[in-house]
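Engineer: The lines below spell out each chain.
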Amino acid sequence: MEIKTGEYNVWNEGSIIHYEGTLRLSGTDAYQPILDLMQKVLADKPENIVLDLTQLEFLNSSGINLLAKFTIELRKHPDLPVKVLGSTKIPWQSKSLPNLQKLHKGVELVIV
Amino acid sequence: MNQFGDTERNNGPTAFAMRIMISDGPLGVSWQHASETCEFLGDVFALRHAKDGADYTDARHSIIYLVNELLENAIKFRVPGSISVDCSLEGGNFELTVSNDTAPAVAGSFQTLIKEIISRDPGELLIERIEANAVDENSSGSGLGLLTLMNDYGARLGWDFRSSTSGSAVTLSTHAALTLN
Chain A
1 MEIKTGEYNV
11 WNEGSIIHYE
21 GTLRLSGTDA
31 YQPILDLMQK
41 VLADKPENIV
51 LDLTQLEFLN
61 SSGINLLAKF
71 TIELRKHPDL
81 PVKVLGSTKI
91 PWQSKSLPNL
101 QKLHKGVELV
111 IV
Chain B
113 MNQFGDTERN
123 NGPTAFAMRI
133 MISDGPLGVS
143 WQHASETCEF
153 LGDVFALRHA
163 KDGADYTDAR
173 HSIIYLVNEL
183 LENAIKFRVP
193 GSISVDCSLE
203 GGNFELTVSN
213 DTAPAVAGSF
223 QTLIKEIISR
233 DPGELLIERI
243 EANAVDENSS
253 GSGLGLLTLM
263 NDYGARLGWD
273 FRSSTSGSAV
283 TLSTHAALTL
293 N
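Note that the protein sequences, when read in sequence, are chains A and B.
Everything in the first sequence is counted per the working numbering, starting at 1 for the first residue and increasing by one.
Everything in the second sequence is counted per the working numbering, starting at 113 for the first residue and increasing by one.
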């Protein structure tokens, strides 16, 4: 599955979901197709799940809310290993991604 | 006039400053204007800031994030009319004021939200609001952008509401200040 536009791309390779570009959509409805893709990966009952944000230059607060909502959904699967990959070169990730761990202690956050 | 939060401005008349007016227009076009405006201001002010050897990437990102969030709110909640964006930088202190007209009922409910935001610890309230939004399908996540700015970026925010000079609307000015690294 993939969502491709001129500004951002979201796609999955098995249970790894990749995000790339600039995501600045206008709200919950606009983010729904991306949430659908994420939920589809979860519905396939993967052995683990990885959110690879290392190429996501910008994410507005509506987008951060999307990640948070999905993280809360992941809590319902306490045995599912969850890894969130970030980059130290992209400032929003070090600032905002630690909030995901506050929502779900099982999230392994790797920012390199 | 009703004031909330931190509305004090510290940058003086000799600060590096800029004003941009965003004209009225359809949501999609305005959204694009907001995107271009925040990128432009991020570039210009971060370059200025980096002249003193500071971190360009971090400053640019923080400015873009701040301007974008406040412009998104202004576009979503304005009545037809322009949005003014005033920025200044002095000694690493970046100040921003975004002003637009809004409907009185919208201004009223926003004031209720602001009172809650400024009376609580932003980190705690952010997590609480995210949890509440997750169980409410219809929630738009209101306030999350402001709480993210306060908690994750250390932004100091303030608001003033006054009668608009044109018609029955309310003019809302949102003030923000950031200490750039």
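Worth double-checking, as some hints may not be accurate.
Pairwise CB distance ranges, derived in the manner of DEER restraints [what the hints assert, rightly or not]: (1) A:Gln101 / B:Ser278: 22 to 28 Å; (2) A:Lys45 / B:Gly165: 47 to 53 Å; (3) A:Asp29 / B:Arg131: 47 to 53 Å; (4) B:Thr169 / A:Gly6: 38 to 44 Å.
Straight line, CA to CA, 16 Å or less: simulated EDC-like cross-link-like pairs of lysine to aspartate or glutamate [what the hints assert, rightly or not]: (5) A:Lys4 / A:Glu20; (6) A:Lys95 / A:Glu47; (7) A:Lys83 / A:Asp52; (8) A:Lys40 / A:Glu7; (9) A:Lys102 / B:Glu240; (10) A:Lys76 / B:Asp167; (11) A:Lys102 / A:Glu73; (12) A:Lys102 / B:Asp248; (13) A:Lys45 / A:Glu57; (14) A:Lys83 / A:Glu47; (15) A:Lys89 / A:Glu47; (16) A:Lys95 / B:Glu202; (17) A:Lys89 / B:Asp170; (18) B:Lys188 / B:Glu236; (19) B:Lys188 / A:Asp29; (20) A:Lys105 / B:Glu207; (21) A:Lys89 / B:Asp167; (22) A:Lys45 / A:Glu20; (23) B:Lys163 / B:Glu202; (24) A:Lys102 / B:Glu236; (25) B:Lys227 / B:Asp272; (26) A:Lys105 / A:Glu57.
Over the 12 Å line for every Cβ pair with chain B, so calculated as not near, a few chain A residues [stated by the list, open to error]: (27) Gly14; (28) Leu37; (29) Leu42; (30) Ile64; (31) Asn65; (32) Ile72; (33) Pro78; (34) Leu80; (35) Gln93; (36) Lys95; (37) Glu108.
These are calculated hints, taken from the structure and not from any lab test.
Cβ coordinates follow ideal geometry from the N, Cα and C atoms, glycine included.
Engineer: When the structure is checked against the list of hints, which entries are broken? Sort them ascending.
Structural biologist: Checked against the structure, the hints that fail are numbers 1, 3, 4, 6, 8, 10, 12, 13, 15, 16, 18, 20, 22, 26, 30, 31, 32, 35, 36, while the rest are satisfied.
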